[in-house]
Amino acid sequence: MNAVATKTRRRSAAFTVFLKEVRENLRDRRTLLSAFFTGPLLGPLLFVMLVNVQINQQLDKADKPLHVPVIGAQYAPHLVDALEEGGIVPDAPVADPGTAVRKQDADVVLRIGAGYGKAWRQGEPVQVEMFYDSSRQDTSSAVERVQKLVEAYARQQGAMRLVARGLSPGTAWPVQVAKRDQATPQSRAVLLFAMLPYFFVITLFMGGMYLAIDLTAGERERQSLEPLFANPVARWKILFGKLAAICLFSLASLAITLLAFAVVGHLIPAEKLGMELDLGWRFAGIVLLLMLPLVLLLASLQTLVAAFAKSYREAQTYVSLLMMVPLIPSALLAFLPIKAQAWMYAVPLLGQNLGIMRQLRGDGVGAAQLGLCLAGTLAAAAVAIGITVQMYRSERLAISG
Amino acid sequence: MIEVRNLHKAFGAVKAVDGVGFTARDGEITGLLGPNGAGKTTTLRMLYTLMKPDSGQVLVDGVDAATDPLSVRRALGVLPDARGLYKRLTARENIEYFAQLHGIDAAVAQSRREALVDALEMRDILDRRTEGFSQGQRVKTAIARALIHDPRNVILDEPTNGLDVMATRGLRRFMQQLKAEGRCVLFSSHIMQEVAALCDRIVVIARGRVVADATPDALRAQTGEANLEEAFVKVIGTDEGLAA
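For the record, the sequence lines run as chains A and B. Residues in the first sequence are numbered consecutively from 1, following our numbering. Residues in the second sequence are numbered consecutively from 1, following our numbering.
The reader is advised that the hints may include incorrect statements.
Between beta-carbon pairs, the in silico distance windows are [as the list claims (entries may be wrong)]:
id	chain 1	residue 1	chain 2	residue 2	range
1	B	E229	A	M323	34 to 42 Å
2	B	S71	A	R27	50 to 58 Å
3	B	R128	A	R282	44 to 52 Å
4	A	W343	B	H8	25 to 33 Å
5	A	E395	B	R128	31 to 39 Å
6	B	A13	A	L32	42 to 50 Å
7	A	R313	B	S111	38 to 46 Å
As a list, the in silico EDC-like pairs of lysine to aspartate or glutamate whose alpha-carbon atoms are at most 16 Å apart [as the list claims (entries may be wrong)]:
id	chain 1	residue 1	chain 2	residue 2
8	A	K64	A	D96
9	B	K87	A	E24
10	B	K15	B	D54
11	B	K87	A	D91
12	A	K148	A	E221
13	B	K87	A	E221
14	B	K234	B	D217
15	A	K148	A	E129
16	B	K52	A	E395
17	A	K148	A	D81
18	A	K64	A	D91
19	B	K179	B	E28
Footprint (simulated), chain A over chain B, 3 or more residues, beta carbon under 8 Å [to be verified]:
id	stretch
20	46-53
21	70-76
22	81-92
23	99-105
24	138-151
For the record, the hints were derived by calculation from the structure and aren't laboratory data. Remember, predicted model here, so these are calculated numbers, not experimental data. Heads up, the beta-carbon is just placed ideally off N, CA and C, and yes, glycines get one too.
All chains, full assembly: derive it from the sequences and hints.
Here you go:
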């Protein structure tokens with residue numbers, strides 16, 4: 001009888017804390033804004049804008065006439081004609097092609113030497129100089145376009161010369177490369193969306209951040225932690241109630257983001273780039289599932305870090321630093337070509353990252369990968385919660401002054 | 001009843017509490033008097049199990065705080081030195097939160113709350129959010145939530161700190177009422193007039209030790225000083241950190 005009564009009370013104490021924290025924070029405009037509006041919605045909007053800009057840039061470059069300053073155009077009128085046919089508008093020559101490219105006055109500059117006409121007539125190879133800056137990513141498509149046009153012209157002229165000498169053009173090109181691109185429309189999209197998992201993690205993080213700080217560092221600073229601990233409730237139950245409230249807010253945040261991505265997914269003209277992007281319900285469900293244990297892990301890490309701080313402000317600083325951690329796997333995967341090994345799925349953050357990317361590629365997440373990811377992160381969450389429980393036991397925690 | 005036996009607590013090299021022992025009885029008001037930094041708050045924190053003593057024993061209604069801290073906290077109503085409220089909740093919600101943490105039946109909690117609201121004269125602020133409360137309103141709310149479970153033993157850490165005259169008088173009346181109800185009331189103060197006016201028993205603490213433990217009359221007789229203030233100064237050895 002007694003045991004039963006104790007059990008019910010035990011359950012309700014953590015639940016009481018949970019309800020109170022949720023109710024209190026629903027009344028805080030700043031928390032609401034950050035958890036349910038700016039946090040989850042800014043990401044998708046920013047993302048759509050970025051992607052649209054990028055796509056339009058590439059489309060623009062492919063279709064629009066390309067202005068290229070040509071030095072010595074008068075020496076090679078046929079070449080210039082061929083370039084013009086390819087959509088290039090020869091501009092007035094610049095004095096110093098190197099500087100023009102470096103100063104970003106021109107994306108690419110062509111220089112044709114004065115000896116072009118003479119060498120051409122004698123059937124000797126001639127040189128066309130192309131000035132560009134390979135570190136300027138945005139000009140690479142222009143450079144590539146000019147280069148291809150020049151090469152196509154050269155190949156065409158070469159073939160004509162061979163034919164004039166009674167030879168088959170094939171003799172000059174004994175080996176030809178036939179390209180067989182294995183990229184699917186989805187996998188092409190991945191390049192563009194490599195940062196998507198980071199968006200999700202950050203949203204989770206932001207959704208719970210204010211609560212995590214407020215519920216430990218904030219409560220201590222406002223001197224309400226000591227009276228709270230004077231109640232006949234074990235501290236771990238209080239902690240669990242608080243963690244549950246943090247988890248609820250960050251989950252809500254993630255859900256809003258996923259919903260927003262599902263909606264704005266239609267606004268991304270991915271098909272224009274030969275890509276296919278599925279951000280629908282199935283994707284949302286998989287992401288939510290992968291993220292569940294991560295919610296716990298982040299909530300307890302944030303609480304732990306906030307508990308170390310002496311003040312609300314200090315906690316804010318620490319937690320913001322913690323926000324850098326989820327960036328690591330995303331950056332790693334974006335810039336290093338890592339082949340996914342099975343064990344990687346068990347690493348928190350990395351596992352979620354790989355899983356989401358796999359889903360984006362249209363490969364689907366297998367049961368084993370899903371299991372590894374959930375189990376690995378859950379284990380890490382358990383450890384983090386264990387440490388936080390210990391932290392909550394310390395005498396230092398409750399003392400405000 | 002609260003019994004304290006030979007408590008010790010050190011923070012690093014500083015001995016905050018160095019062998020404190022006393023008994024606070026039911027139906028009495030016991031005053032813990034001492035200059036600032038004498039170890040009053042640390043002693044009280046060990047009573048309500050926020051801190052663990054390095055050595056010594058705390059018994060509340062015969063229950064050892066070291067072995068059964070939850071039962072001890074259930075038997076205590078505590079107004080700690082830190083008395084922060086939840087400013088986005090109303091006074092009523094602040095009180096209800098603690099009632100729920102105690103696992104009190106809602107109907108019981110309600111009647112108990114009504115009694116406290118009347119006794120503390122705080123009906124006008126009950127449904128206001130506590131943000132912007134005056135010091136007096138805050139203390140009233142903090143006391144109401146601390147006593148919502150009808151504890152036999154009440155610990156108040158410097159309850160009149162920062163209160164104006166009217167609020168202080170109201171609080172003293174309330175403490176007398178708690179005593180009349182047969183509760184054990186233990187409060188700390190560094191204000192001599194207050195202790196003299198309220199207490200059945202005075203425990204004087206200085207530098208982490210009990211330097212006197214007697215009724216006000218006995219204290220006067222013990223020191224040979226008719227004036228209580230002089231008596232305090234004599235047992236403490238200095239008047240530093242005391243307020244008249």
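Which numbered hints are broken by the structure, listed smallest first? 1, 2, 4, 8, 11, 12
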